[in-house]
Amino acid sequence: MVEKNIFAGFGGQGVLLMGQLLAAAGMMEGKHTTWVPSYGPEMRGGTANCSVMLSDEEIDSPLITRPTSLIVMNRPSLEKFEDKVVPGGSIFVNSSMIDVKVKREDVNAYYVPCNDLAAELGNNKVANMIMLGAYLGKSKCVDVETVLDALLEKLGQKKAKLIPLNREALLRGAACIE
Amino acid sequence: MALKLMKGCEAIAEAAIQAGCRYFFGYPITPQNDIPEYMSLRLPQVGGCFLQAESELAAINMVYGAGGAGARVMTSSSSPGISLKQEGISTCCAAEIPCVIVNMMRGGPGLGNIQASQGDYFQAVKGGGHGDYHLVVFAPSSIQETCNLMQKAFDTADKYRTPVMILADGLIGQMMEPVELKMNPNPEMPEKPWAAQGYDPKGERPRAVLNSLYIETEDLDVLINRLHERYAEIEKNEKMVETYHTEGAEFILCAYGTVARVCKAAVRILEEQGVKVGLVRPITLWPFPTETVHDAIAQESVKACLTVEMSDGQMYEDIRLAVNGCKPCEFMGKAGSIIPSAEEIAERILKMREA
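In order, the protein sequences belong to chains Z and A. Under the numbering used here, the residues of the first sequence are numbered 1 to 178, in order. Under the numbering used here, the residues of the second sequence are numbered 1 to 355, in order.
Hints listed in this document are in silico derivations from the structure and should not be mistaken for laboratory results. Just so it is clear, CB atoms sit at the ideal spot from N, CA and C, and this is done for glycine as well. Any given hint could turn out to be false.
To be verified - BS3-like mimics (lysine-lysine), calculated; alpha carbons at most 25 Å apart, straight line:
#	chain 1	residue 1	chain 2	residue 2
1	Z	Lys80	Z	Lys138
2	A	Lys152	A	Lys4
3	A	Lys4	Z	Lys158
4	Z	Lys140	Z	Lys125
5	A	Lys152	Z	Lys84
6	A	Lys334	A	Lys351
7	A	Lys239	A	Lys351
8	Z	Lys159	A	Lys276
9	Z	Lys125	Z	Lys158
10	Z	Lys154	A	Lys4
11	A	Lys236	A	Lys152
12	Z	Lys158	Z	Lys140
13	Z	Lys154	Z	Lys140
14	Z	Lys125	Z	Lys84
15	A	Lys202	A	Lys236
16	A	Lys152	A	Lys182
17	A	Lys276	A	Lys351
18	Z	Lys140	A	Lys4
19	A	Lys4	Z	Lys161
20	A	Lys351	A	Lys327
21	Z	Lys138	Z	Lys84
22	Z	Lys80	A	Lys239
23	A	Lys182	A	Lys202
24	A	Lys236	Z	Lys154
Said to hold, decoys possible - Some residues of chain A that are not near chain Z, with every Cβ distance over 10 Å (derived):
#	residue
25	Tyr160
26	Met175
27	Glu177
28	Ala195
29	Val262
30	Cys326
All chains should be modelled from the sequences, with the hints used to inform the complete structure.
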């Protein structure tokens, strides 16, 4: 198993965190993993992306030129990375913010209204977790509960009360894929 | 021991603390700011001292002071900042001050950019400061390896009374990987009778003068000879290199750091197509593993070698010296922080094969 994922969106959408949680969960489940951020003079509202690899074998290059999955939270990200996805790969589109469809016909496209679903849960900030849930629903590469363990480690016990909301968001996202 | 997902810069800083580093002096620059940030939090917790100096030059001279007093000390910066430290690095070499310097290389020359690069090989290996000196230069290619080399860097610095540089690139600093850190609350510190730790007039501890100025020609000659012998000793003992699938290979790739990982991916692509390719990855850039590089490439099966760098061709010079004309050498690289892809490297090898 080798998953090569690119998560992309604008700064503030939780794109880097999505990738970190996936990488941490992969590690906790005994997989090899790498997380590479785009970094630069970026700020809230600018573009952000990260490349996350999960593999049963040791990872040589952590750089991803041809992702197996692309997870995009805004339209410029879709336009930037759409052509790079491998044939037969998957594109997860935040349809709350992206009003165009995936042009390619040789990939699987999934449309997830992340912001709308997050608003239904009463907290717009979990839009990224809805998207991560959708990705997990399709790829099944790590367990949702492991992602929540990784999140708890990141948040610390003081913010443990946020876990149920995030669980709901992940499951809601996964439900979009079925 | 548990694995932890850590950012390169933070893992390096923690590894330094576990190796006994208690003093850090630096000045901010991207992409290594997570090192001083982490140190500013952690060093006070372990009874150490973090200080953001007023400039890079001040920082390296504070390193000179702390190292001269016998402490385990480090500084870190990124390419333009390392240029500013060169005067102090030359001084530390002359005064025989053990210390560790981390360079998270970014694009150059000048202010360049802030993405990963390997443009500082010449500066690190051939001497960015003036005078006859060498830095011991470690070039890790993963976060785990960087952490392991951190302990070795401090040990080597103390053993030979010399500055040691960790030459990594911005990508290693910014990416995250699972790492296992050996926690060591009481790191063993070597005795340093030469250090300036207080003069004892009763004779127990002589005056320690740590200087880089030797006005008398004969005196400087003594120092240079001493350094020369020490460097010969380092060359004999401290070379590190990884060879990967080199035996019986048709082509040999040569690369270090992040690029070496991309080369491993290229080896895999080529092997799937039935092309036997190996990789030689120097881990110490100085002392350079000349013999291993030569032997891998001089094999009868090898048609040619390809050096890949994120630069305009710097380690390539040392590769050619090692090969010494016994096989054709080619170079592939891009300056300006563009990392060649595994596919591009594989394609280049296939072209060399057709030729």
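Verification of the supplied hints:
The suggested pairing of Lys80(Z) with Lys138(Z) holds, with an alpha-carbon distance near 23 Å, which does not exceed 25 Å. Between Lys152(A) and Lys4(A) the alpha-carbon distance is near 21 Å, which keeps this suggested pair within the 25 Å criterion. Between Lys4(A) and Lys158(Z), the direct Cα distance comes to roughly 21 Å. Compliance with the 25 Å bound is thereby established for this hinted pair. The hinted pair formed by Lys140(Z) and Lys125(Z) meets the criterion: a straight-line CA distance of about 23 Å does not exceed 25 Å.
In summary, the hint linking Lys152(A) to Lys84(Z) is not supported, as the alpha carbons are separated by about 41 Å, beyond the 25 Å threshold. Among the hinted pairs, Lys334(A) with Lys351(A) is consistent with the structure: their alpha-carbon atoms are about 18 Å apart, no more than 25 Å. A distance of roughly 33 Å separates the Cα atoms of Lys239(A) and Lys351(A); the hinted pair therefore is violated under the 25 Å criterion. Note on Lys159(Z) and Lys276(A): the hinted pairing is violated, with a Cα-Cα distance of about 53 Å set against a maximum of 25 Å.
The suggested pairing of Lys125(Z) with Lys158(Z) holds, with an alpha-carbon distance near 18 Å, which does not exceed 25 Å. Only pairs whose Cα atoms come within 25 Å are accepted, and Lys154(Z) paired with Lys4(A) is accepted, the gap being roughly 12 Å. Taking the CA atoms of Lys236(A) and Lys152(A), the gap is near 16 Å; set against the 25 Å cutoff, the hint holds. For the hint pairing Lys158(Z) with Lys140(Z), the CA-to-CA distance comes to about 29 Å; that exceeds 25 Å, so the pair is violated.
At roughly 22 Å between alpha-carbon atoms, Lys154(Z) and Lys140(Z) fall within 25 Å of each other, so this suggested pair holds. Among the hinted pairs, Lys125(Z) with Lys84(Z) is inconsistent with the structure: their alpha-carbon atoms are about 28 Å apart, more than 25 Å. Between Lys202(A) and Lys236(A) the alpha-carbon distance is near 40 Å, which puts this suggested pair outside the 25 Å criterion. Of the supplied pair hints, the one linking Lys152(A) and Lys182(A) holds, its CA atoms being roughly 13 Å apart against a limit of 25 Å.
Pair hint Lys276(A) plus Lys351(A) holds up; C-alpha atoms about 14 Å apart against a cutoff of 25 Å. With a C-alpha separation of about 22 Å, the suggested pair Lys140(Z) and Lys4(A) falls inside the 25 Å cut-off, and the hint holds. Distance hint between Lys4(A) and Lys161(Z) is fulfilled; the C-alpha atoms sit about 24 Å from each other, no more than 25 Å. Note on Lys351(A) and Lys327(A): the hinted pairing holds, with a Cα-Cα distance of about 17 Å set against a maximum of 25 Å.
For a cut-off of 25 Å, the pair hint linking Lys138(Z) to Lys84(Z) stands: about 19 Å separates their Cα positions. For the hint pairing Lys80(Z) with Lys239(A), the CA-to-CA distance comes to about 44 Å; that exceeds 25 Å, so the pair is violated. This hinted pair does not check out: Lys182(A) and Lys202(A) have alpha carbons roughly 41 Å apart, beyond 25 Å. The straight-line distance between the Cα atoms of Lys236(A) and Lys154(Z) is roughly 46 Å, outside the 25 Å bound, and the hint therefore fails.
The claim that Tyr160(A) is not at the interface with chain Z holds, since no C-beta of that chain comes within 10 Å of its own (minimum 33 Å). Here Met175(A) does not stay apart from chain Z, with its beta-carbon only about 5 Å from theirs, under the 10 Å limit. The Cβ of Glu177(A) does not lie farther than 10 Å from every Cβ of chain Z; its closest approach is about 5 Å, which violates its non-interface assignment. Under the 10 Å C-beta cut-off, the non-interface status given to Ala195(A) relative to chain Z holds; the minimum distance is some 39 Å.
The non-interface label for Val262(A) is inconsistent with chain Z: the shortest C-beta to C-beta separation is roughly 4 Å, within 10 Å. With a minimum CB-CB distance of about 28 Å to chain Z, Cys326(A) clears the 10 Å threshold, and the non-interface call stands.
Violation of the numbered hints given earlier is confined to hints 5, 7, 8, 12, 14, 15, 22, 23, 24, 26, 27 and 29; the remaining hints are satisfied by the structure.
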